[in-house]
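Novice: One line per chain: the protein sequences are A and B, in this order. Per my numbering, residue 22 is the first one in the first sequence, and the count goes up by one each step. Per my numbering, residue 29 is the first one in the second sequence, and the count goes up by one each step.
Misleading hints may appear alongside valid ones.
[What the hints assert, rightly or not] The calculated label-pair distances, taken between Cβ atoms and stated as ranges, are: (1) Q42(B) to I98(A): 39 to 49 Å; (2) F174(A) to V85(B): 23 to 33 Å; (3) K27(A) to S36(B): 50 to 60 Å; (4) P122(A) to N75(B): 32 to 42 Å.
[Stated by the list, open to error] Footprint (simulated), chain B over chain A, 3 or more residues, beta carbon under 8 Å: (5) 97-106; (6) 259-272.
Calculated directly from the structure, the hints in this document are not laboratory data. Just so it is clear, CB atoms sit at the ideal spot from N, CA and C, and this is done for glycine as well.
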Amino acid sequence: MIPFLKKEILEQFRRKRVLLLGILFTAFALLGVATAKLTPKIMEMFADELAKSGMVYDITESTVMDAWMQFFKNAAIPLIVMIILWSGSFTGEYQKNTLIPLVTKGLSRTSLFFAKMITAALVWTAGYLVYFVVTYGYAEFYWGNGGVKHLFFAVFLYWLYGMWYLAILGLFSSFAGTTMQVLLGVGAVFFTVTFLEFIPKLPSKLPTALQNGLSLMQGSAKPSDFTVPIVIVSVCIVLCLAGGATLIRKKKL
Amino acid sequence: MFAETVISFAELKQYLPLIIPLVVIELILLIYVLWHINTHDTYKTGNRVLWNIVALVGMNFVGPILYLIIGKEDA
Chain A
22 MIPFLKKEIL EQFRRKRVLL LGILFTAFAL LGVATAKLTP KIMEMFADEL AKSGMVYDIT
82 ESTVMDAWMQ FFKNAAIPLI VMIILWSGSF TGEYQKNTLI PLVTKGLSRT SLFFAKMITA
142 ALVWTAGYLV YFVVTYGYAE FYWGNGGVKH LFFAVFLYWL YGMWYLAILG LFSSFAGTTM
202 QVLLGVGAVF FTVTFLEFIP KLPSKLPTAL QNGLSLMQGS AKPSDFTVPI VIVSVCIVLC
262 LAGGATLIRK KKL
Chain B
29 MFAETVISFA ELKQYLPLII PLVVIELILL IYVLWHINTH DTYKTGNRVL WNIVALVGMN
89 FVGPILYLII GKEDA
């Protein structure tokens, strides 16, 4: 398994995915801080225009919370790019028949599955870490992170949310035939969860609740509010990984 | 129109730590992608002219990133 894992990780460098995601995460972190910093300035510029049309905008200085708000808002885009990039991780190899030589030479399908999942998890973790460090650094530089409550826990929640998507991606990859089927599967899960959010009292228990790290930072939520979604997501991840590792044994490579 | 609200140099200096890295990353990405487009003959989708246009028109990250996701062939 270790040589295969090494090969998988090396592949991410060779395919320039590390470069692409590194740039993407850094760029979105910078853009998020820039948006937070510049919005009051831009509103000030247009204040006269807006006043003519009857809109009055109270100009307030941006705070560190604006930067973290952008952090959680923008994080979805690198996550989506990552899902698209990884959607072909298994299916691409099924179609090119490149897994057959490895399996006939004795690589177990379970190790094959987990090596790919570990690689995806490592890349997401590293990218997210870059994203966090850049935002944190600039937030400290411009405003200071003193007033932010439960900073690391809030940031951890979104990381877990990303891991949840990767686990679902792994589950669908283990039995789907084409990349499109994997993407449709992940999309279906996304829409189901979004739909469930309309049911009263349920949103705070769904995996999507993990995106609300900002409420934790502002102090309007406490860490214990997130116990239920964390448990649900963790169980989901374990089930997806176990399911994927089982289903890939039945898969015709 | 913006006569009275022009950003002064002192204010601009405040934003430089954000603007400089963004511009540098944008340029590195653009140069790399243009080099890649023009030294490769086959793409996942599209052709050389199309990708050159996309990369240049959307040079604020969008064009180069689109190319890397759906244009560049997997090595």
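Novice: Compare the structure with each hint and give your call.
Specialist: Okay, the hints, checked on the actual structure:
Range check, Q42(B) to I98(A): about 26 Å between beta-carbon atoms, so the 39 to 49 Å window is missed. For the hinted restraint 23 to 33 Å between F174(A) and V85(B), the CB-CB distance of approximately 42 Å leaves it violated. At about 54 Å, the beta-carbon gap between K27(A) and S36(B) stays in the expected band of 50 to 60 Å. Roughly 34 Å separates the CB atoms of P122(A) and N75(B), a value that falls within the hinted 32 to 42 Å.
Coverage of the segment 97-106 of chain A by chain B holds [criterion: at least 3 residues with CB-CB distance below 8 Å; count 3]. For the segment 259-272 of chain A, the assignment as covered by chain B is violated, since 0 residues bring a beta-carbon within under 8 Å of that chain's beta-carbons and 3 are needed.
Checked against the numbered hints above, the structure violates hints 1, 2, 6; every other hint is satisfied.
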